[in-house]
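Peer 1: Assemble the complex: chain A is given as a structure, and chain B must be docked to it using the hints.
Going down the list, the protein sequences come from chains A and B. The numbering used here numbers the first residue of the first sequence as 11 and each following residue consecutively. The numbering used here numbers the first residue of the second sequence as 11 and each following residue consecutively.
Since the hints were derived computationally from the structure, they do not count as laboratory data.
In silico lysine to any residue, SDA-like type, Cα no more than 20 Å apart, as pairs:
no. : chain 1 : residue 1 : chain 2 : residue 2
1   : B       : K111      : A       : N154
2   : A       : K219      : A       : R417
3   : B       : K111      : A       : A152
4   : B       : K65       : A       : G99
5   : A       : K65       : A       : D335
6   : A       : K65       : B       : G24
7   : B       : K65       : A       : N31
8   : B       : K111      : A       : R151
9   : A       : K111      : B       : A152
Reference listing, derived: stretches of chain B covered by chain A, where coverage requires no fewer than 3 residues with Cβ under 8 Å from a Cβ of chain A:
no. : region
10  : 61-72
11  : 89-96
A partial selection of chain B residues facing chain A, derived with a Cβ cut-off under 7 Å:
no. : residue
12  : V26
13  : E75
14  : V78
15  : V79
16  : V86
17  : Q109
Keep in mind the model is a prediction, meaning the values are calculated, not measured. Ideal Cβ placement from N, Cα and C applies to all residues, glycine included.
Protein chains: 2
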Amino acid sequence: MALNVQKYGGTSVGSVARIRNVAKRIAKWKAAGHDLVVVPSAMAGETNRLLALAKEIQPHPDPRELDVVASTGEQVTIGLLAMALLELGVPSRSYAGWQVKVLTDAAFTQARIVSIDAERVREDLKQGRVAVIAGFQGVDRAGNVTTLGRGGSDTSAVALAAAFKADECQIFTDVDGVYTADPRIVPEARRLRTITFEEMLEMAGAGSKILQIRSVEFAGKYKVPTRVLSSLTDPMIAVGQEGQSGTLVTFEEDPHMAMEKALVSGVAAQRDEAKVTVRSVPDRPGIAYAILGPIADAGINVDVIVQNVGQDGMTDLSFTVARSDLHRTLKLLKDQVQPHIHCREVSGEDRIAKVSIVGMGMRSHAGIAARMFRTLAEEGINIQMISTSEIKLTVVIDEKYTELAVRVLHRAFELDQE
Amino acid sequence: MALNVQKYGGTSVGSVARIRNVAKRIAKWKAAGHDLVVVPSAMAGETNRLLALAKEIQPHPDPRELDVVASTGEQVTIGLLAMALLELGVPSRSYAGWQVKVLTDAAFTQARIVSIDAERVREDLKQGRVAVIAGFQGVDRAGNVTTLGRGGSDTSAVALAAAFKADECQIFTDVDGVYTADPRIVPEARRLRTITFEEMLEMAGAGSKILQIRSVEFAGKYKVPTRVLSSLTDPMIAVGQEGQSGTLVTFEEDPHMAMEKALVSGVAAQRDEAKVTVRSVPDRPGIAYAILGPIADAGINVDVIVQNVGQDGMTDLSFTVARSDLHRTLKLLKDQVQPHIHCREVSGEDRIAKVSIVGMGMRSHAGIAARMFRTLAEEGINIQMISTSEIKLTVVIDEKYTELAVRVLHRAFELDQE
Numbered sequence: 011m012a013l014n015v016q017k018y019g020g021t022s023v024g025s026v027a028r029i030r031n032v033a034k035r036i037a038k039w040k041a042a043g044h045d046l047v048v049v050p051s052a053m054a055g056e057t058n059r060l061l062a063l064a065k066e067i068q069p070h071p072d073p074r075e076l077d078v079v080a081s082t083g084e085q086v087t088i089g090l091l092a093m094a095l096l097e098l099g100v101p102s103r104s105y106a107g108w109q110v111k112v113l114t115d116a117a118f119t120q121a122r123i124v125s126i127d128a129e130r131v132r133e134d135l136k137q138g139r140v141a142v143i144a145g146f147q148g149v150d151r152a153g154n155v156t157t158l159g160r161g162g163s164d165t166s167a168v169a170l171a172a173a174f175k176a177d178e179c180q181i182f183t184d185v186d187g188v189y190t191a192d193p194r195i196v197p198e199a200r201r202l203r204t205i206t207f208e209e210m211l212e213m214a215g216a217g218s219k220i221l222q223i224r225s226v227e228f229a230g231k232y233k234v235p236t237r238v239l240s241s242l243t244d245p246m247i248a249v250g251q252e253g254q255s256g257t258l259v260t261f262e263e264d265p266h267m268a269m270e271k272a273l274v275s276g277v278a279a280q281r282d283e284a285k286v287t288v289r290s291v292p293d294r295p296g297i298a299y300a301i302l303g304p305i306a307d308a309g310i311n312v313d314v315i316v317q318n319v320g321q322d323g324m325t326d327l328s329f330t331v332a333r334s335d336l337h338r339t340l341k342l343l344k345d346q347v348q349p350h351i352h353c354r355e356v357s358g359e360d361r362i363a364k365v366s367i368v369g370m371g372m373r374s375h376a377g378i379a380a381r382m383f384r385t386l387a388e389e390g391i392n393i394q395m396i397s398t399s400e401i402k403l404t405v406v407i408d409e410k411y412t413e414l415a416v417r418v419l420h421r422a423f424e425l426d427q428e
Numbered sequence: 011m012a013l014n015v016q017k018y019g020g021t022s023v024g025s026v027a028r029i030r031n032v033a034k035r036i037a038k039w040k041a042a043g044h045d046l047v048v049v050p051s052a053m054a055g056e057t058n059r060l061l062a063l064a065k066e067i068q069p070h071p072d073p074r075e076l077d078v079v080a081s082t083g084e085q086v087t088i089g090l091l092a093m094a095l096l097e098l099g100v101p102s103r104s105y106a107g108w109q110v111k112v113l114t115d116a117a118f119t120q121a122r123i124v125s126i127d128a129e130r131v132r133e134d135l136k137q138g139r140v141a142v143i144a145g146f147q148g149v150d151r152a153g154n155v156t157t158l159g160r161g162g163s164d165t166s167a168v169a170l171a172a173a174f175k176a177d178e179c180q181i182f183t184d185v186d187g188v189y190t191a192d193p194r195i196v197p198e199a200r201r202l203r204t205i206t207f208e209e210m211l212e213m214a215g216a217g218s219k220i221l222q223i224r225s226v227e228f229a230g231k232y233k234v235p236t237r238v239l240s241s242l243t244d245p246m247i248a249v250g251q252e253g254q255s256g257t258l259v260t261f262e263e264d265p266h267m268a269m270e271k272a273l274v275s276g277v278a279a280q281r282d283e284a285k286v287t288v289r290s291v292p293d294r295p296g297i298a299y300a301i302l303g304p305i306a307d308a309g310i311n312v313d314v315i316v317q318n319v320g321q322d323g324m325t326d327l328s329f330t331v332a333r334s335d336l337h338r339t340l341k342l343l344k345d346q347v348q349p350h351i352h353c354r355e356v357s358g359e360d361r362i363a364k365v366s367i368v369g370m371g372m373r374s375h376a377g378i379a380a381r382m383f384r385t386l387a388e389e390g391i392n393i394q395m396i397s398t399s400e401i402k403l404t405v406v407i408d409e410k411y412t413e414l415a416v417r418v419l420h421r422a423f424e425l426d427q428e
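Next up, chain A with everything else stripped away, as it sits in the complex:
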C-alpha cells in the first residue's frame, strides 16, 4: 500500500487510445492497493502547436501571456485522463497547477516551484480517488499562471512526490530505465538498477535526455526516491516487479547502494553543441567575464568552459554553446567584444561532440582520467577540450568519432559487465 506519484510523458498520452491505455495501467496499480497521484504532460505536439500560434502573433511572445496559452495543453490532458479513469470506474479528479496549488516564483516560462499545498489532494486520496495533476504549470503569489520550462512535468512530479512524501516518484517514458550508454550506439549497454542522484545529475548535464535536469536537482534536494520506468511494457508486469523495474535514483547516504557502486556508471554523449575559441586575449583578471558576460546577457547558455594557462601575458579561452546559438555568439563576439579586448581571433567549430563518463567511484579512484585519455588515443581520437568535475569527466572531440568514443569507453570501463 504505497503512495506513488506517476508521471506520463507527452507520447504516452499522445492520443485518445493512449490516454485509455495509461488509464488502464493506473487502474491496475490502484487495484493492487496503491494510492496514486498522476502527472501527465500535454498530448505530444500540443505544446509546440500552442507555441507556434503564439509566435505567429508575437515573434517574441510576452512571457506572462505565453504561459497562459502554453499551460492549456496539460489542462486538456488532466481532464481527459480523469474522464478515462472514471469511464473505467476508477474514482478520479483533476487539478490544474493553481488548484493544488503549485506556488512558484514569477519567472514566467521558467518558473521554480516554491511550495505545494497538498491538503485538498490528501483528502481525495483518503476517499480513494486518483488525483490527476497538471505538470509543467503553477501559479505565482500574485495569482498569475506560470510554467516551469521544457521538461517541467518531470519537475512537477518530483515536487509533488516531495510534497506528499510519496514512497516513489515514477517517471514513465519510452525507455525502461537509465543505461550505461545509449543502447542505439552500444548494443551491449546495460540498464542500471540504481543510479545515485549525483550521477543522474551529471548524466542529465552530459546529454542524457531521460530526466530533465531540474527534476533531478529537486529529487536530490528533497531526497525523493525517483524511478525511471517504461510506459510501453505490460502494466501488470510493472506492478508485479516493483523495486526491480526501471532505474531507481538513490542517495549516497544509503550504504547498501553505495557498496555496490562501480567506478564508472555510464557514458553519455551530446552532439548539439558547438565550440567557440577566442585566441590570444590579455591574461588579466576579468577577461572571462568580459567575454562571457555579454553572451549571458544575450540569453545564450554556455556549457563547457576551458581557459588555458597563459604565456607571454596572453591566453586562449574556449567554450561550448548550443549549436543553434553559434552564429549569434560569433557575431556578438566580433561586434561587441573583440573591439574592446583586442584578441587575435574569434573562431567557431560546429562539428564537435561532447563525450562524458560519470560515476561516484571517480571521487576515490585515481587513474580513471588516464584510462579515458589512453583509450581515446589508441583509437586516434584527438581531444580538443577537457573538463572535469567530482564525478564526471568530459572531453570535446570531432563529431565523427562520437559513436566510436562511446563504444570504446563503455568497453574500457567494463560497463557491459554487472
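Peer 2: Same frame as chain A, now just chain B:
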C-alpha cells in the same frame, strides 16, 4: 472617456489574422480614450474539437472534467489576444475566470454567475491596461473550474459590465444589430436602433440567435446597457458612430425610449422544434404534471405548452420540444406516461415552425392578435397552436409556410417603415 466591455465571438477570433484585426479595433477604441475590458470566445471550432475529444474518451463526459477541458479554448484566446495587443504597443493583461474571479455555483457545464471580484482589473484599467478576460468560464466556491454553457461568453460580458458598472456592454457579432425580421427572409427588414430588454428576451426565446437568452436576463437584472454591433465594419466608423451603431438594449424606465416604441418591434421564427399532442386525457388537477414531469426529469426542455378547455371530463395537451428530442419524448410518453393516465393517443409532428411577433406596444394595444390571425388566414396558413405572453404572440404553423408567414406579418405590422 467611457468604460466599455466588448465581447468578440468565436468567428471574430477564429484565426491569427482575425485576432490581429480585433486587436487593431481595440487599439483604436483605446486611442479614442476609452477604458476597455475585452471578453473573447474560443477560436471558432475549438470548443467543438475539445468536446469531441472528451466524448471519444467518455460518451457522457463527467461534467466537472468536461469543464476543465472545455475552458481551455477561451484561455488560449485571451493569451493570444493580449499578445496581439502588446505587439501593437497597447498595454494589456489576460485573466482566466478563476483569476478575476468569476464566482459561479457548482452546476458544471451550465453554471450561473454569483459574483465577480473587479478589484484587480480596476487596478489594470487605472494603469491604462486593456483587460482581456476569458468568457464562458468561472470557478465555484470549492475552486473547481466551471463553464456557463453554450453562448456563455455573452453572459460573461454582461456580468462583467455589471460588475464594473460599465457604460456599455458591446457584443460584437457577424450581424450589425437586431432586425425587425431575419433579413435573409425579409429583404426590407430594418435594423432596430433600440430594443427593450423585455422584447430582446422574448426575441431570444422566439428563435433570434443574436444574444444568448441568459445574457439578456442578466442585462435586465442589472440594467446593463447592452449593444449588439458588427465586428465586420470598419472600426473607426464604429468608434465615431457610438450611440448610433448596432442595436442598444434599453430599459423601459427610460421615458425617451418608451415614447418612440412601435406596436410590434419584430417578427421571429424558429424551425427546430416539434409538436407533441396527448389526446383525451382526464381533465383533472395534476394531469399536466403527470405528463410533463417525467419529460422534465429526462432533461428534455419543453417550450410552448397549450391545454384546451376540456369537455366531457377530457382534454388535449399539446407542447413543443426540440426536434432532436421528439423521438425520445414520444417513447417516454408511450412507455412511462400513457399506461398511467389512460389517454387516447400520443402523437408527434416535426414539420412545424414557431412564428412570433414581439413588442412592448402589445401590452397597451388591443387588436394585435386579431390582425396577426387575419393576416395568416388571408394567406391560407392554418394555425395549429397559439401561445401568448404580455409582449409576445406565438403561433405554431406548418413548417413550409415559415418564410411566407414572416414576410406577411412584417408587412402587416408595417415594420419596414421607421
